[in-house]
Amino acid sequence: MDSDGTQEARGTHASPVPRPAGPPEVPAMPPLPPRAPGMPPPTDGSAFLTWLRAPRPEAAPGVWRFGHRPRPAEEPEEIPTRQLLSGALIAFLVGWLIWSLLQNGYLGTWWWVPFDLIVPDAWRGGDSDLGETGTFIVYQGYELLVALAIMIGAARLGRWGELWRRFVTPRFRRPEAQETRTAPEDDPAQWNELRAAGAPDAAERLAAEARSGLMRDVDHARILRAWQGVRTGRHSLATFSGAVLKDGAAACLHPSGERDLPARLARHDLVTGQVRLGTTVDDARNPYTYRGTGLALGPDLLGTSLVAVGPAGSGKTGTVVRPLAESLCLHALAGRAAVVVVGAAGAGLGPADAYDVVVRIGNQESEYDLDLYGGTSDPDEAAAVLAEALVGDLADPHPGSDSRRSTTVLAQLLGPFRAVHGRFPSVPELRQLLDGAPGPFAALRQGLQEAGQESLLRELDARERQMGQPGDVGGVLGDRVALLDRPAFAGFFDTSGRSRPFTLKALDHPVRVRIDLPQRGHADASKMLARLVLAQFTASVAVREDRSLFACLLLDDATGVVTPEAVRGIQRLRSGNAGVVLTLRTLDDVARPLRGPLLGATGCRMALSGLTPWDGQDFAEVWGKEWTEARDVTDRQIIAETPAGKAVHMLRRVITGKAPTARAVTVRQVERERWSASELAHAVPAGHAVLSLTDVKGEHAPPLLVDLRS
Numbered sequence: 047m048d049s050d051g052t053q054e055a056r057g058t059h060a061s062p063v064p065r066p067a068g069p070p071e072v073p074a075m076p077p078l079p080p081r082a083p084g085m086p087p088p089t090d091g092s093a094f095l096t097w098l099r100a101p102r103p104e105a106a107p108g109v110w111r112f113g114h115r116p117r118p119a120e121e122p123e124e125i126p127t128r129q130l131l132s133g134a135l136i137a138f139l140v141g142w143l144i145w146s147l148l149q150n151g152y153l154g155t156w157w158w159v160p161f162d163l164i165v166p167d168a169w170r171g172g173d174s175d176l177g178e179t180g181t182f183i184v185y186q187g188y189e190l191l192v193a194l195a196i197m198i199g200a201a202r203l204g205r206w207g208e209l210w211r212r213f214v215t216p217r218f219r220r221p222e223a224q225e226t227r228t229a230p231e232d233d234p235a236q237w238n239e240l241r242a243a244g245a246p247d248a249a250e251r252l253a254a255e256a257r258s259g260l261m262r263d264v265d266h267a268r269i270l271r272a273w274q275g276v277r278t279g280r281h282s283l284a285t286f287s288g289a290v291l292k293d294g295a296a297a298c299l300h301p302s303g304e305r306d307l308p309a310r311l312a313r314h315d316l317v318t319g320q321v322r323l324g325t326t327v328d329d330a331r332n333p334y335t336y337r338g339t340g341l342a343l344g345p346d347l348l349g350t351s352l353v354a355v356g357p358a359g360s361g362k363t364g365t366v367v368r369p370l371a372e373s374l375c376l377h378a379l380a381g382r383a384a385v386v387v388v389g390a391a392g393a394g395l396g397p398a399d400a401y402d403v404v405v406r407i408g409n410q411e412s413e414y415d416l417d418l419y420g421g422t423s424d425p426d427e428a429a430a431v432l433a434e435a436l437v438g439d440l441a442d443p444h445p446g447s448d449s450r451r452s453t454t455v456l457a458q459l460l461g462p463f464r465a466v467h468g469r470f471p472s473v474p475e476l477r478q479l480l481d482g483a484p485g486p487f488a489a490l491r492q493g494l495q496e497a498g499q500e501s502l503l504r505e506l507d508a509r510e511r512q513m514g515q516p517g518d519v520g521g522v523l524g525d526r527v528a529l530l531d532r533p534a535f536a537g538f539f540d541t542s543g544r545s546r547p548f549t550l551k552a553l554d555h556p557v558r559v560r561i562d563l564p565q566r567g568h569a570d571a572s573k574m575l576a577r578l579v580l581a582q583f584t585a586s587v588a589v590r591e592d593r594s595l596f597a598c599l600l601l602d603d604a605t606g607v608v609t610p611e612a613v614r615g616i617q618r619l620r621s622g623n624a625g626v627v628l629t630l631r632t633l634d635d636v637a638r639p640l641r642g643p644l645l646g647a648t649g650c651r652m653a654l655s656g657l658t659p660w661d662g663q664d665f666a667e668v669w670g671k672e673w674t675e676a677r678d679v680t681d682r683q684i685i686a687e688t689p690a691g692k693a694v695h696m697l698r699r700v701i702t703g704k705a706p707t708a709r710a711v712t713v714r715q716v717e718r719e720r721w722s723a724s725e726l727a728h729a730v731p732a733g734h735a736v737l738s739l740t741d742v743k744g745e746h747a748p749p750l751l752v753d754l755r756s
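Quick note on my numbering: the sequence shown kicks off at 47 and runs consecutively.
Rather than coming from a laboratory, the hints here were simulated on the basis of the structure.
Be a bit skeptical, because a hint or two may be false.
[Claimed, not checked] Cut-off 20 Å, straight-line C-alpha distance, at most; resulting in silico cross-link-like pairs (DMTMM-like, lysine to aspartate or glutamate):
1) K671 to D634
2) K551 to D592
3) K671 to D592
4) K551 to E725
5) K551 to E413
6) K292 to E250
7) K551 to D424
8) K551 to E427
9) K671 to E250
Using the sequences and the accompanying hints, generate a full structural model.
Structure follows, in structure tokens:
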């Protein structure tokens, strides 16, 4: 079956899958989205400009950069609050006491010596040249200087500056999104890069749209993406300028015509490409530079793939998959990404209006079908992908094993069938061929003989000889295909041109896809289809022409999906500017020999609350150990040797109830696990997760305890 993901199989283009248009061919700007009741219409773009001009400093991987204030790498030694307050109070009282003693003459008059040496004699006394008022001011001024000197000394002694910074300054700190002043040449709202490149009219139009409140974050990201196309030579400057002058902030629209999602649940920053998932806990186990900062993910981290493990109800779908799907859909509207979200029907992966293509397998009302063969016309390629979907979970997971026999069996049937019929077989036809039904085999042989396909005849003969032999996998393949040959799937996987199949070959374009699997009542078929989508995804992104478009597959519940070939495919995604997000209830859903390779192939690993100690052990091993400072405290009883000392010790025992002891502290460097299996199983609170990160450049963050609810 030939389909490129942009048209139905018959080629009528009746309802094409959305794909990007060039900058000059764009529709008029759609109306603004409906406002909530009572909300006034936008009169200016102050909110957008405040967001656009907010500081976004460079930060460590995973830090929410919007309004971020960098912290030092090491935690400064902080005085305990109680000690700081008591010290400040005591210093104030000491200063007050010294001043009182000076005023009342208890410390003598030596502190007037500087006054006598500096002030002229004519300024002293009531009959001085300054008069009584002037003389009073001179004396009072000197006393004020002495009082200030005493208070300065008391402030330094009592650390009043630290007290001010800790308790007073935070109350006057500006909110993170408050607008900051920027120089005109650095103002992103002025589009100075366009002006420098010779498009001042386009820059002025965009700046006016931003000031008037007609531009949104998706518009800004989309136009920047189109401008990158001009810089790389894919589009001409004249074409880009013409589109901007014609449509303003609505230029270069996504083919769907949408400029935003119907609703947003997470916090997004399309300037950095991040979506905020939570807050890094202010915990001693987290590095100081991360404590209290927002935790966010973007394509730079998802490009190394993510695996999240946690039991049902731990928040995998709601706090991880849904925000990531929402973020990638926004990136797709901006022309930056292509996203495929796979999960059970009703899993809460976002409304259908947020996607361009929704494939509801097993639902007869589904507008789209799924191409079983990945949109390829090569029988060998189709056989390899289909074999991975059908029996990839049965392959030996140990290194060096493969599923070449299954691929060979399918290729021996798909090649001859396509040569005769001009298409690949449907599910019932493929099942008959795998079962060795005599009628289909005879018809296929006759067609090959009439077409003079001698090489394909030899393939068919080889398949007939192998049927029924010990070790033949044709029967196993037939049993697996039978899972799809059910009445619920009667209208799906059609190859005759009567349906509208979607193929992952469309990932060359910024398309948003959701695939609903029929897990209720068809669990085994759902696992097989999930393996099929993953195999097609890894095969498709490897041959994309435009790899500047980030492609991501989000697979909610990857039970039974992780196979040896899938792990090898995930390892290759980073070089193709693509990644996958896999969620698992437990690592027991992955074969034991594949758990280590899976955690090693993914750069981002998340352990949610409720993990079992056995799963925690796998995470503890992959996160390794670190050198840490251990303090051993020993209390040693003090023995008095003199009668006076014995009396003091006896009195102390009567008062405190304890024998006098001396404390000895031993500090040493030891190597310990970053997070032990027991800590992962029992010390991660509900709604939290431990997450390690690696970006596509190789920079990494150690395991972080994150609150996913904030």
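Status of each hint after checking the structure:
no.: 1; hint: K671 to D634; in the structure: 24 Å, violated
no.: 2; hint: K551 to D592; in the structure: 12 Å, holds
no.: 3; hint: K671 to D592; in the structure: 40 Å, violated
no.: 4; hint: K551 to E725; in the structure: 44 Å, violated
no.: 5; hint: K551 to E413; in the structure: 18 Å, holds
no.: 6; hint: K292 to E250; in the structure: 13 Å, holds
no.: 7; hint: K551 to D424; in the structure: 14 Å, holds
no.: 8; hint: K551 to E427; in the structure: 13 Å, holds
no.: 9; hint: K671 to E250; in the structure: 55 Å, violated
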